[in-house]
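Letter by letter, the chains look like this.
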Amino acid sequence: MAGGMVLFLFGAITALLSLRMPIGTFRMAGAGLFPLCLGILLMVLSGIFLLRFLLKKWQSVKKEEFPSEIPGSAMQVLFFMGTMILATFFFKILGYPLVSFLLMVALLRILGMKQWPFNISLSLITAIASYFLFVQWLKIPLPKGWIGL
Amino acid sequence: MFESVQQLASGFTIATTFYNLFYCLIGAIVGTLIGVLPGIGPIAGIALLIPATFGLHPTSAIIMLAGIYYGAMYGGSTTSILLNVPGETASVITCIDGYQMAQKGRAGPALAICAIGSFIAGTIGLFGLVFLAPPLAEAALAFGPPEYFSLMVFGFIVLSNVTGTSLTKSLMMAIVGLIIGTIGLDPVTGDARFTFGSVSFLGGIEFVAVAIGLFGIAEVLTNVEKPLEMLEQRVIVPRLRELYPSLQDLKKSITPILRGTGIGFGVGLVPGPAPVIATYSSYMIERKISKHPEEFGKGAIEGVAGPESANNSASQSAFIPLFVLGIPFAPPTAILLGALLIHGVTPGPLLISQHPELFWGVIASMYIGNFILLILNLPFVPLFANILRIPKKILLPLIILFCITGQYTVNNSVFDIGIMLLFGALGFLMRKWAYEGAPLLLALVLGPRLEVAFRQSLMISHGDFGFFINRPISMVFLLATVLFLVIPLIRMTLKKQRRGEVKQ
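From first to last, the protein sequence lines stand for chains A and B. For the first sequence, counting from 1, position 30 maps to 30 in the working numbering; every step adds exactly one. For the second sequence, counting from 1, position 18 maps to 1018 in the working numbering; every step adds exactly one.
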């Protein structure tokens, strides 16, 4: 249901934004014609999807929409995602070696690696190895940041 | 035919140069690793390694990337048999009987039959590719914009029909992919679309970021969501001397291998996630025609031999539509299309005549790659099995680090990492809500081509939509599309009617 609503909204926004572009004619299509058609098509399909869902609900056919076999930890996912976003934000500021080290420390910790000495040594080895692989061997220009490596 | 053999011989001289052999070996090893390691599949794997090929000659680059694709098919079976966890989706079926064999102490023969079957299938599949691709390329010269448009629409509908649980959901995903594909400069007029004044959006959304996000990051997040104790599993590691199948095993397997090869080759030519459909079809057929169907699910070697051969054969023949028509029918070949375009090679009917060294070199390298994989996957299976002992709580952060680094190297852009993370989160939610990522990715890669074909067709016909029906080849594709849309509806109605009759 939520997915269908998001898609309907996405289709509507696409169609509205397309209308601000030149539409042209079928003979000489403008930039907005193709996305406009797609936006409308998405609205129609998601509309059908929502309608069918509501009809099923109305007929009281109980069906689990989001089957979840395993009780999951949403917090773990949120922490993981948050760490990745932070790493991306500081990627250029702190530089690759430092970010890769901190990223590994944080992600290992989130996944339950609680012994600090092991966590830090593993992160350090990974950061050094990936630095030598990408920067020294493959000569990929990764951000140096303030440590200048 | 003689010309094809001659060209193939010249392909072997290209593929056997030191550098190409080296990249073929690297591709096969990385592919096997990607197949073995749960958490990263061939799509994200190929996408991640595209930047590593930037400095290479296009032929060497595609040799390596193709090696990753079919290498992953080989490696995927290892985790299915030893862990009951498929390394990639095409190995799901192998879990059924493969894991049962491992439980009975027959992991060695199961792995050996997988490797032998995959080798035979890969070899036969390659001969099919050699002899089928050139005549098909000649036939494809008759294709104009309306034919390409109709073929792509047909591809989307078939892919949507066979992936996921709902046609509507898959179709919606394809449309979302097409919409995302319109971001950036309009390919005909040059107008900026959905860029919101940002220069970063002008070049469009990087397909590598979408692929890694949807298939790499999302997979990791799905694993992270599981309770910590579920992240670890017991691995059965076979000894080298246990790897040889008995004569009876070989006798039982040879016909399923040949049947699987035929099924896989045919399925690879049509749109859809070919290796997945091929393995499923092969398993069902083997069980149906078996004299002992009750053994299936309890460790029947035929249930491993057939599907594993089918998935390899399908992954080889999937190269035909990519090379000959320039239209990939599945996400891994869509990523390879993107890689070809990055290297300045446009696949299509003229690829064989304009870039014979690439076409024949890659084909010959596939044969060599199959041989390398046979060697890799038999004696080194215990080694790959030991890799599975790396705890997931170490493996998952490593995959994330590689994804972020790999994505940055594509354009040296932090913005692209952001896009990758966004699609990672989106992919995670899509998995929860049972939406498929494959139609979205394929539509994103093919979207700009579809739009150009659509607009060119309308320009040629002065806005007349009848043009798509008046051209015979285009009409056939559109008719097939309608059939693919209507048949599931008829089936559903009939099912409902039957259910109603039973209730009465």
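Don't take each hint at face value.
[Said to hold, decoys possible] Straight-line C-alpha distance at most 30 Å; calculated DSSO-like pairs for lysine-lysine:
hint	chain 1	residue 1	chain 2	residue 2
1	B	Lys1291	B	Lys1393
2	B	Lys1226	B	Lys1496
3	B	Lys1252	B	Lys1393
4	A	Lys92	B	Lys1393
5	B	Lys1291	A	Lys57
6	B	Lys1298	B	Lys1288
7	A	Lys92	A	Lys57
8	A	Lys57	B	Lys1104
9	A	Lys56	B	Lys1495
10	B	Lys1291	A	Lys56
11	B	Lys1252	B	Lys1104
12	B	Lys1393	A	Lys114
13	B	Lys1252	B	Lys1291
14	B	Lys1298	B	Lys1251
15	B	Lys1288	A	Lys144
16	B	Lys1432	B	Lys1251
17	A	Lys114	B	Lys1298
18	A	Lys57	B	Lys1288
19	B	Lys1496	A	Lys56
20	B	Lys1291	B	Lys1104
Since the hints were made in silico from the structure, they are not lab data.
Hint by hint, here is what the structure shows:
Taken as a hint, the B/Lys1291 and B/Lys1393 pair is broken in the structure, with Cα atoms around 45 Å apart against an allowance of 30 Å. Distance check on the hinted pair: B/Lys1226 and B/Lys1496 sit about 37 Å apart at the alpha-carbon level, beyond 30 Å; violated. A distance of roughly 40 Å separates the Cα atoms of B/Lys1252 and B/Lys1393; the hinted pair therefore is violated under the 30 Å criterion. Distance hint between A/Lys92 and B/Lys1393 is fulfilled; the C-alpha atoms sit about 27 Å from each other, no more than 30 Å.
Between B/Lys1291 and A/Lys57, the direct Cα distance comes to roughly 46 Å. Violation of the 30 Å bound is thereby established for this hinted pair. Taking the CA atoms of B/Lys1298 and B/Lys1288, the gap is near 15 Å; set against the 30 Å cutoff, the hint holds. Of the pairs offered as hints, the one joining A/Lys92 and A/Lys57 is violated, with about 50 Å between alpha carbons and a cut-off of 30 Å exceeded. Straight-line distance between C-alpha atoms of A/Lys57 and B/Lys1104 comes to about 47 Å, which puts the hinted pair past the 30 Å bound.
For the hint linking A/Lys56 to B/Lys1495, the alpha-carbon distance of about 17 Å falls within 30 Å, and the restraint holds. Between B/Lys1291 and A/Lys56, the direct Cα distance comes to roughly 43 Å. Violation of the 30 Å bound is thereby established for this hinted pair. A hinted pair counts as satisfied when its Cα atoms are at most 30 Å apart, and B/Lys1252 with B/Lys1104 qualifies at roughly 18 Å. Restraint check: the Cα-Cα separation between B/Lys1393 and A/Lys114 comes to about 11 Å, which is no more than 30 Å; the hinted pair holds.
The suggested pairing of B/Lys1252 with B/Lys1291 holds, with an alpha-carbon distance near 11 Å, which does not exceed 30 Å. With a C-alpha separation of about 19 Å, the suggested pair B/Lys1298 and B/Lys1251 falls inside the 30 Å cut-off, and the hint holds. Restraint check for B/Lys1288 and A/Lys144: the C-alpha separation of about 61 Å exceeds 30 Å, so the hint is violated. At roughly 43 Å between alpha-carbon atoms, B/Lys1432 and B/Lys1251 are farther apart than 30 Å, so this suggested pair is violated.
At most 30 Å may separate the alpha-carbon atoms for a hinted pair to count; A/Lys114 and B/Lys1298 exceed this at roughly 40 Å. The straight-line distance between the Cα atoms of A/Lys57 and B/Lys1288 is roughly 38 Å, outside the 30 Å bound, and the hint therefore fails. The hinted pair formed by B/Lys1496 and A/Lys56 meets the criterion: a straight-line CA distance of about 14 Å does not exceed 30 Å. Proximity of B/Lys1291 to B/Lys1104 is assessed by CA-CA distance (about 21 Å); at most 30 Å being required, the pair is judged to hold.
The structure fails to meet hints 1, 2, 3, 5, 7, 8, 10, 15, 16, 17 and 18 from the earlier list, while all remaining hints are met.
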